[in-house]
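Build out the structure end to end from the sequences listed, making use of the hints.
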Amino acid sequence: MISAADGQEGLRLAQEDKPDVVILDVMVPQIHGWEVLQRLRNHPETSGTPIIICSVINDPELAYSLGASLFLPKPVSRSAILEALRRLKIL
Numbered sequence: 296m297i298s299a300a301d302g303q304e305g306l307r308l309a310q311e312d313k314p315d316v317v318i319l320d321v322m323v324p325q326i327h328g329w330e331v332l333q334r335l336r337n338h339p340e341t342s343g344t345p346i347i348i349c350s351v352i353n354d355p356e357l358a359y360s361l362g363a364s365l366f367l368p369k370p371v372s373r374s375a376i377l378e379a380l381r382r383l384k385i386l
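For the sequence shown, the numbering used here gives the first residue as 296, with consecutive numbering after it.
If you're looking for bench data, these hints aren't it; they were derived computationally from the structure. You may find that some hints are simply not true.
Claimed, not checked - Simulated crosslink set (BS3-like; lysine-lysine; CA at most 30 Å straight-line): (1) Lys384 x Lys313; (2) Lys313 x Lys369; (3) Lys369 x Lys384.
To be verified - Cβ pair distances, simulated, as ranges: (4) Ile385 x Glu311: 13 to 23 Å; (5) Arg336 x Pro368: 13 to 23 Å; (6) Glu304 x Lys369: 30 to 40 Å; (7) Asp312 x Asn337: 14 to 24 Å; (8) Pro339 x Ser374: 14 to 24 Å; (9) Arg373 x Pro339: 15 to 25 Å; (10) Pro370 x Glu340: 25 to 35 Å; (11) Lys369 x Asp301: 33 to 43 Å; (12) Asn337 x Ser374: 24 to 34 Å; (13) Val351 x Arg382: 27 to 37 Å; (14) Gln303 x Ser374: 27 to 37 Å; (15) Asn353 x Glu311: 26 to 36 Å; (16) Pro368 x Pro324: 30 to 40 Å; (17) Arg381 x Gln325: 30 to 40 Å.
Fair warning: this is a prediction, and the values are worked out from it, not measured in the lab. Ideal Cβ positions, reconstructed from N, Cα and C, are used throughout, including at glycine.
Next up, the structure:
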């Protein structure tokens, strides 16, 4: 697992490390999470990476329209994250 302090670092790490999945909060410093999602979807290295939006902003329709694989509203439990990873066939 790799953690990023802000949207810019998250983009860089995702493009460099090519993770199996990205769990993205919408409310992150520097670059808003919705923009991070769009940039990940538009970048050749990350366009196919599953992205789970995990946020207190309860807008799954927007998340899916921007390319999210799944949406989990906060607060989120460990079991919900594990189930999401199973649904995406990561586990």
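Range hint 30 to 40 Å: satisfied by the CB atoms of Glu304 and Lys369?
violated (21 Å)
24 to 34 Å as the expected CB spacing between Ser374 and Asn337, which holds or is violated:
Check passed, 32 Å falls within 24 to 34 Å.
30 Å limit on alpha-carbon distance, applied to hinted pair Lys369 and Lys384:
The given pair, whose Cα atoms are some 22 Å apart, holds under the 30 Å limit.
Between Val351 and Arg382, does the beta-carbon spacing fit 27 to 37 Å?
violated (21 Å)
Indicate whether the distance between the beta carbons of Pro339 and Ser374 respects the range 14 to 24 Å.
Violated - the Cβ-Cβ distance for Pro339 and Ser374, about 34 Å, lies outside 14 to 24 Å.
Do the Cβ positions of Lys369 and Asp301 conform to the proposed distance bound of 33 to 43 Å?
violated (18 Å)
Given the hint of 14 to 24 Å, is the C-beta distance from Asp312 to Asn337 inside that range or not?
Once the Cβ atoms are compared, 18 Å apart, the range 14 to 24 Å for Asn337 and Asp312 holds.
Starting from the range 25 to 35 Å, see whether the pair Pro370 and Glu340 falls in it by beta-carbon distance.
holds (31 Å)
Would you say the C-beta atoms of Gln303 and Ser374 sit inside 27 to 37 Å of each other?
holds (31 Å)
Would the hint linking Lys384 and Lys313 be met if the CA-CA limit is 30 Å?
Within the cut-off at roughly 16 Å; holds.
Is 15 to 25 Å respected by the C-beta to C-beta distance linking Arg373 and Pro339?
violated (33 Å)
Given the hint of 26 to 36 Å, is the C-beta distance from Asn353 to Glu311 inside that range or not?
Holds, at about 31 Å.
Figure legend: structure checked against the earlier numbered hints; hints not met, in rising order: 6, 8, 9, 11, 13, 16.
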